[in-house]
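**Q** Protein chains in written order, with my numbering: chain A, 3 to 237; chain B, 3 to 237; chain C, 3 to 237; chain D, 3 to 237; chain E, 3 to 237; chain F, 3 to 237.
There could be a bad hint or two in this list.
All copies of an identical chain are treated as equivalent in the list; a pair is satisfied when it fits inside any one copy or across any two copies.
Below, in silico cross-link-like pairs of lysine-lysine (DSSO-like), each with a Cα-Cα straight-line distance of 30 Å or less [as the list claims (entries may be wrong)]:
(1) LYS51 / LYS148
(2) LYS174 / LYS18
(3) LYS229 / LYS182
(4) LYS101 / LYS174
(5) LYS170 / LYS7
(6) LYS232 / LYS182
(7) LYS182 / LYS218
(8) LYS182 / LYS51
(9) LYS51 / LYS101
(10) LYS229 / LYS174
(11) LYS18 / LYS51
(12) LYS218 / LYS7
(13) LYS174 / LYS51
(14) LYS218 / LYS18
(15) LYS51 / LYS229
(16) LYS170 / LYS229
(17) LYS182 / LYS7
(18) LYS232 / LYS18
(19) LYS148 / LYS182
(20) LYS18 / LYS148
These aren't lab readings, by the way, just hints derived from the structure by calculation.
6 protein chains.
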Amino acid sequence: MELMKMTMHEVNEYLKTSQTIIIPIGAIEEHSNALPLGTDTITVEALAKRLGEISNRIVGPTINVGNCHSITYDFLGTISISPSTLVNYLKDYTTSLHKHGFRNFFFVNGHGGNIAPLRCSFDELANTLTNSKFLVASWWLLEDLKELYDNSGHAGRGEVSMIMYIDKSLVKTEFLTEEKREIPRYYVTNDLAKKYITETGIINDSQEGSYELGEKLFNASVEVMLKLLKHLEES
Amino acid sequence: MELMKMTMHEVNEYLKTSQTIIIPIGAIEEHSNALPLGTDTITVEALAKRLGEISNRIVGPTINVGNCHSITYDFLGTISISPSTLVNYLKDYTTSLHKHGFRNFFFVNGHGGNIAPLRCSFDELANTLTNSKFLVASWWLLEDLKELYDNSGHAGRGEVSMIMYIDKSLVKTEFLTEEKREIPRYYVTNDLAKKYITETGIINDSQEGSYELGEKLFNASVEVMLKLLKHLEES
Amino acid sequence: MELMKMTMHEVNEYLKTSQTIIIPIGAIEEHSNALPLGTDTITVEALAKRLGEISNRIVGPTINVGNCHSITYDFLGTISISPSTLVNYLKDYTTSLHKHGFRNFFFVNGHGGNIAPLRCSFDELANTLTNSKFLVASWWLLEDLKELYDNSGHAGRGEVSMIMYIDKSLVKTEFLTEEKREIPRYYVTNDLAKKYITETGIINDSQEGSYELGEKLFNASVEVMLKLLKHLEES
Amino acid sequence: MELMKMTMHEVNEYLKTSQTIIIPIGAIEEHSNALPLGTDTITVEALAKRLGEISNRIVGPTINVGNCHSITYDFLGTISISPSTLVNYLKDYTTSLHKHGFRNFFFVNGHGGNIAPLRCSFDELANTLTNSKFLVASWWLLEDLKELYDNSGHAGRGEVSMIMYIDKSLVKTEFLTEEKREIPRYYVTNDLAKKYITETGIINDSQEGSYELGEKLFNASVEVMLKLLKHLEES
Amino acid sequence: MELMKMTMHEVNEYLKTSQTIIIPIGAIEEHSNALPLGTDTITVEALAKRLGEISNRIVGPTINVGNCHSITYDFLGTISISPSTLVNYLKDYTTSLHKHGFRNFFFVNGHGGNIAPLRCSFDELANTLTNSKFLVASWWLLEDLKELYDNSGHAGRGEVSMIMYIDKSLVKTEFLTEEKREIPRYYVTNDLAKKYITETGIINDSQEGSYELGEKLFNASVEVMLKLLKHLEES
Amino acid sequence: MELMKMTMHEVNEYLKTSQTIIIPIGAIEEHSNALPLGTDTITVEALAKRLGEISNRIVGPTINVGNCHSITYDFLGTISISPSTLVNYLKDYTTSLHKHGFRNFFFVNGHGGNIAPLRCSFDELANTLTNSKFLVASWWLLEDLKELYDNSGHAGRGEVSMIMYIDKSLVKTEFLTEEKREIPRYYVTNDLAKKYITETGIINDSQEGSYELGEKLFNASVEVMLKLLKHLEES
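Whole structure, please, built from the sequences with the hints as guidance.
**A** Here it is in structure tokens:
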């Protein structure tokens, strides 16, 4: 069930039995020359729809553009909403839904730069949106996917696989490279950090991405999220 | 060409010959019990994609949620981004694109409440985004569609037809009504204005919507927008 | 009745019978070398005062400076309040009045750049200033003046006539020119748009301005506004 | 010379010899039942015009509405712009003028609540508006007027006299009272502070206001301000 | 009693008998080569602690960094919070305390640039933090210290003495100079004003600072503040 | 070396050899009835000073108050700066330092609610503060402390030990309890989350805190941070 395709009447019916909404939030960000700029958004939209189907929960309109103000901001094609604006955007978005009766907000997140603004928006609403619960599920950080994902980085094996599974035509395989880079354990947020991204825009890639791995990552993500969704509703 | 599905490399190629981007901006707003909440967004996304195809121009990620802070804010399912937030959102969005080299911003707009924030964002950027040009094409306000559209209002004949043409399954025809209401020539913006919307959420509807009218409106819109796009690029 | 010249006591008396306030909003903007920078403000202040007299309604303090952030921002003498600031200014202004009991806000507007910020401020207040009604009457856009005004543009025949009628000494007739420029039907908001304004700061001028036309425009404006004021109060 | 009545051409001529602008800033605030709500604004506008005449300096558009967010906010007729908005308003106002070449900003201030926002706006611009100088002359605080003004408070002898001198018809003498109240030396800013204002809205009044005192106060203010203006230009 | 060192339980006990909190607010600002950057903060923290002890009132966490956006902003070591941010910071700080039951806010201020933001924050809260009272005691401006302080300026005899009394080791006496500068009676806020500060960062200094004068200034400050604290609580 | 106690001259000397600054950021937040409200701030201030000593690096003024807008906001004594304000505060703070030549910003953080605002502030500055590097070391999250800290929660064994080591007198041992609570693996940010905190304000406490554990945690933290500081400077 996608909110965008539902009518006022159908939302009315839905709210009689559930106060939960699933919200996909991604990014428009360079993902090397091989993956589409919308990699994060395309992934979370697909995950959220599947999750919505199997859980019978409404999926809100996708938040297409996220915060890429550091690191990839200067790479061609990246569109970034600043953290401050994104915080306000999230507050307006969830406040509207809260007014209608939604109380459980489940974010399917596809981009690291969104985590801080999401948290800030919840904190600022904590004393306003009474009885609300928020949970952010960033698929690549899910504990249960740790082994499968195996620390593959930005535009790397994990993301390549996900997009291959969702829409193979979007991967320009001729641009996949064999670059592997060690990411420092303690992250230094700065414009120098860009040195971890070469001209190809890849942090820790490999050509090992595959449809099969994508299928596994996708299904495992949905499975874990389903549990988290119940956790959210029951907490 | 959708930016979201393109790679960094493809954007690079594109920018060698064109500095234009088409940006669909809609709304998530009650549209009676017959039309989907995403009526405005669904319409502009379809229009923008068609326009992008025939003009060979990039279409940016859809701005799904717009400003519905007055009039329909309290109707079930409406999600609204406040004007102030939307202005900042638009500024961040276009500033990113400007940095990459885009100069001609063509907005395909589907919602009245977006017009003021769009204008405010352009004004605030006028002295920053050098050499840029902005044009907003609100399809239902296009001069050349005047006769076809025939002043059909919110959730009315025009919008019904558009959605019928784009995706018939999204129109719950059993909820279409025969309500017709005269809209005052001079609009009073206020919470009392809500009296022009009955419980059905319709301002000036009719059951006269049809696939055929939708097809005509859609094609006429695209045709006019193609001219405006050229006007933007050449001005 | 001007609020600025009234006492607390007199406002108290007024509010017993009316909840209406007329608010003139103009601009400080270059108007060629022939017209004063305050053309818009001088015009709306005169219109509002006349309207206040014949309607027996309070006129609030004039909003002297408006939004000129695009187009004329760089012309000598233009003072501009950015859209964001103007929105907040309007919110503070009307919120104070609402607290005292005013409910009907009638704006006599003299400048195009104010329309979007006015709308944004109403939208943001729609759910806060309960039972309030806002109407913006931009004199040069009034339907009934269409023929008289005849599409004369910025610093053109219409404005020249208005100022001639209000205070002839303010028109430096030696600087009136014969420039006529066709304004594009679809407006491109950008810094390039400045090409429609020559060094003289005129968009679509003519020397045809006259006291007589000014008198007609002025009186017709007041007449229409009186109707709109009643429409606001009765809606 | 009032900027509002001058043309682009005249400003151009002026800037060849002077970079100074005089800006009156007042308030719309209850001033008992005897004085007009615009007492502060009417006073500074008159002072600024006189100062402009004798100094041959441009007077900018009056800032009619000031910050009355504490103390008198709830009194009938008071309109208040919040400090934050006023700071931004002042920044936009002076930034426009700075762009045209103005460097010396002389504020003729009539209201205590404006002092803090004025200072905040200067501080925020200090590193942006290069080579600029700001001076605020609050007439009732001028050292040289100390004896004449004799600590008369809000809506008191001093303000009564000023308005009597400027426009006698604006003083409703039947509402003047004999109230005298001692104002605490250390001011406690709070909503309880309102206890120093009775229902009549007077802090430290007397019926001793007169045209003669007004004339003295007015002329002495202008005289001191003329010195300060030179001090500003020469510093 | 320092709030920072107290437990939740102890605050609970305190609020049963008092609603007062003392808040030190200083600055990190160059104070010549002789005095520490934290001169203002160190001074008010010491004053506030002493005041807290003798009055048996809670001292809130020190606001270490203040507004130095003009004048000393470019001097090495100065850290400045912009007026707008400081206003919001103060609003958040006092709003938290108000929620817990604090009503009397006594600020021990050590820096001129904080006065305007403090006032702005109170004004914006005046209608929100009900029944609250605010008083700012800027030690160097206290009437009763006038003679002792004798108009010694920034980084001058008065501040030297204070720091000598509080912690002698913090004064690098070898850098004390004999500079004396006349400060203009009417202050011109601008970047040119910096001419009153030489490279040594001193406005109106002298080597006459001493432990003895510091002791007198400190004790006199505390004595006056104790009276003002009672005035605040009783007003 | 504490910036607050240093003179302009000393900062000048320092910057000749290092561009690094250590900034402690804590919180004023209930920490049960046993620990002081400033637990987080007291801890990071002590850690930062030690780190500054052994690394010979400057320690900036402590950021005493952090973001506690969710979870503990309503507990007595908590003072919270909203995320939005904190982001602006951090931007002003680091921008001042950047202007003077600091480039390596090492934050010693003691509070979870600060992590998101810190990240947001860095992101917003990424394209402004050129050549800057930021690293946040949240002591209780350091990988190398994992075993020692052993997942002790808010106001729990870890924090008790730290304060015991830093200043034993600040721990009111009579209020230590034996409460142990399992914290859900996936955190639900909301006002319901407060159910994990009982009236005692403890999330996952125990009486097992000790001076000895505090000493180990403190020294281990400093040791790891010293490595991270070098990592920051060399990256």
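**Q** A separate judgement is required for each hint: does it hold in the structure or not?
**A** Okay, the hints, checked on the actual structure:
1. LYS51 / LYS148: Classified as within; 23 Å inside a copy, 37 Å across copies.
2. LYS174 / LYS18: Answer is between; shortest inter-copy Cα gap is 20 Å, intra-copy 46 Å.
3. LYS229 / LYS182: between (33 Å within a copy, 25 Å between copies)
4. LYS101 / LYS174: between (44 Å within a copy, 25 Å between copies)
5. LYS170 / LYS7: both (26 Å within a copy, 11 Å between copies)
6. LYS232 / LYS182: Answer is between; shortest inter-copy Cα gap is 24 Å, intra-copy 37 Å.
7. LYS182 / LYS218: within (22 Å within a copy, 37 Å between copies)
8. LYS182 / LYS51: neither (32 Å within a copy, 37 Å between copies)
9. LYS51 / LYS101: Close inside one copy (24 Å), not across copies (33 Å); limit 30 Å.
10. LYS229 / LYS174: Neither way: LYS229 and LYS174 sit 34 Å apart in one copy and 34 Å across, limit 30 Å.
11. LYS18 / LYS51: Within. Shortest intra-copy distance 21 Å satisfies the 30 Å Cα cut-off; inter-copy 37 Å does not.
12. LYS218 / LYS7: For LYS218 and LYS7, both the intra-copy (29 Å) and inter-copy (23 Å) Cα distances are at most 30 Å.
13. LYS174 / LYS51: both (25 Å within a copy, 22 Å between copies)
14. LYS218 / LYS18: Cα proximity of LYS218 and LYS18: none, with 35 Å in one copy and 39 Å across.
15. LYS51 / LYS229: Only inside one copy: LYS51 and LYS229 sit 16 Å apart there, 37 Å across copies, limit 30 Å.
16. LYS170 / LYS229: within (28 Å within a copy, 35 Å between copies)
17. LYS182 / LYS7: For LYS182 and LYS7, the Cα distance is within 30 Å only across copies (25 Å; inside one copy 42 Å).
18. LYS232 / LYS18: Within. Shortest intra-copy distance 18 Å satisfies the 30 Å Cα cut-off; inter-copy 43 Å does not.
19. LYS148 / LYS182: Both. Shortest intra-copy (18 Å) and inter-copy (28 Å) distances satisfy the 30 Å Cα cut-off.
20. LYS18 / LYS148: Answer is neither; intra-copy 37 Å and inter-copy 41 Å both fail.
Of the numbered hints given earlier, the model fails hints 8, 10, 14 and 20; all others are met.
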